[in-house]
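Undergrad: So the chains spell out like this:
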Amino acid sequence: MKKNRPVNLDISTIKLPITAYVSILHRVSGVALFAGVAILLWMLDKSLSSAAGFAEMQDTLSSPLCQFIIWLTLAGLIYHMVAGIRHLIMDAGIGEDLEGGQKGAKIAIAVIAVLILLAGVWVW
Amino acid sequence: MVTAVTSFGRSGLYDWMIQRVSAVVMAAYTIFLAAFIVLTPELTYEVWKGLYSTLWMRVFSLITLFSIAAHAWIGLWAVLTDYLTNRLMGNKATILRVLMQMVLGLITVTYVVWGIEILWGV
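Protein sequence lines correspond, in order, to chains F and H.
Here the numbering used here is used: position 66 in the first sequence is 66, and no number is missing along the way.
Here the numbering used here is used: position 51 in the second sequence is 51, and no number is missing along the way.
Read the hints as simulated data drawn from the structure, not as lab findings.
Keep in mind that a hint or two might mislead.
[What the hints assert, rightly or not] Okay, the calculated bits of chain H under chain F, using three or more residues with CB under 8 Å as the criterion:
| id | segment |
| --- | --- |
| 1 | 20-34 |
| 2 | 63-76 |
| 3 | 89-103 |
| 4 | 107-121 |
[Said to hold, decoys possible] Short derived list, chain F residues pointing at chain H, Cβ under 7 Å:
| id | residue |
| --- | --- |
| 5 | V37 |
| 6 | L48 |
| 7 | A51 |
| 8 | F54 |
All C-beta atoms in this analysis are idealised placements derived from N, C-alpha and C, irrespective of residue type, glycine included.
Given these sequences and hints, build the entire structure.
TA: Next comes the structure, spelled out in structure tokens:
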């Protein structure tokens, strides 16, 4: 294998299709969720610690900043999960071609948007 | 080129499979918990504690916790080996990547231990 093969990965010179955006966001949401696990574990810890801790968690859920952070975490979780389910569907051989991939990406975005909205309704 | 020595399953096929099995476990847990929270008429501390006091919920949670650890390791390995490369930043890339993996691994183990403490502290 030639060591110095030319590589074109200058993203700014490449026009990205919708599938590329869905893919990179899957990656970004995954990295963000690694930090999100700390928030989710903290919530679980607090809510299970005692009746007082549970009530405190309910109070926390009513402060705007905490609501926003929790909604962001849930949004990341929803995005990563739906995009992941799309991967599993494609693993099963459905929507693997160019047209199917683009259609799947659009469906995933629509489902994600609805679920993130619903999560917002639940948090607020 | 990146060697697979710091990957999770030591081969692409194992990582591929573990990534999918762990994903299904986490999705099942997420959907179950979301349904439980939304469908319970009044979610009190007693109901919440009751759920996490059952053996099956602890086992389900523990399997999910392990799934998070494996899934995160495989995902973060893929990200790190894509961006912290010798092509992008020279020879120091390998040292930096291994350091990053150690830190992320430490955080992952902390998550698992913390999660076990929460589950068996109920």
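Undergrad: Each hint should be assessed against the structure and marked as holding or not.
TA: For each hint, the structure was consulted:
Residues of the segment 20-34 of chain H with a Cβ under 8 Å from some Cβ of chain F number 6, which satisfies the need for three, so the listed coverage holds. Only when three residues or more bring their CB closer than 8 Å to a CB of chain F does the claim for the segment 63-76 of chain H stand; here the count is 4, and the claim holds. Check result for the segment 89-103 of chain H against chain F: violated, 0 residues qualifying (beta carbon to beta carbon below 8 Å, three or more required). Given as covered by chain F, the segment 107-121 of chain H passes the check, having 6 residues with a CB less than 8 Å from a CB of that chain where 3 are the minimum.
Because the smallest distance between the Cβ of V37/F and any Cβ of chain H comes to about 6 Å, under 7 Å, the interface hint for this residue holds. Here the hint on L48/F is kept, as its CB sits about 5 Å from the closest CB of chain H, short of 7 Å. For A51/F, the interface hint holds, the least distance from its beta-carbon to any beta-carbon of chain H being 5 Å, beneath 7 Å. Because the smallest distance between the Cβ of F54/F and any Cβ of chain H comes to about 4 Å, under 7 Å, the interface hint for this residue holds.
In summary, the one numbered hint that this structure violates is 3.
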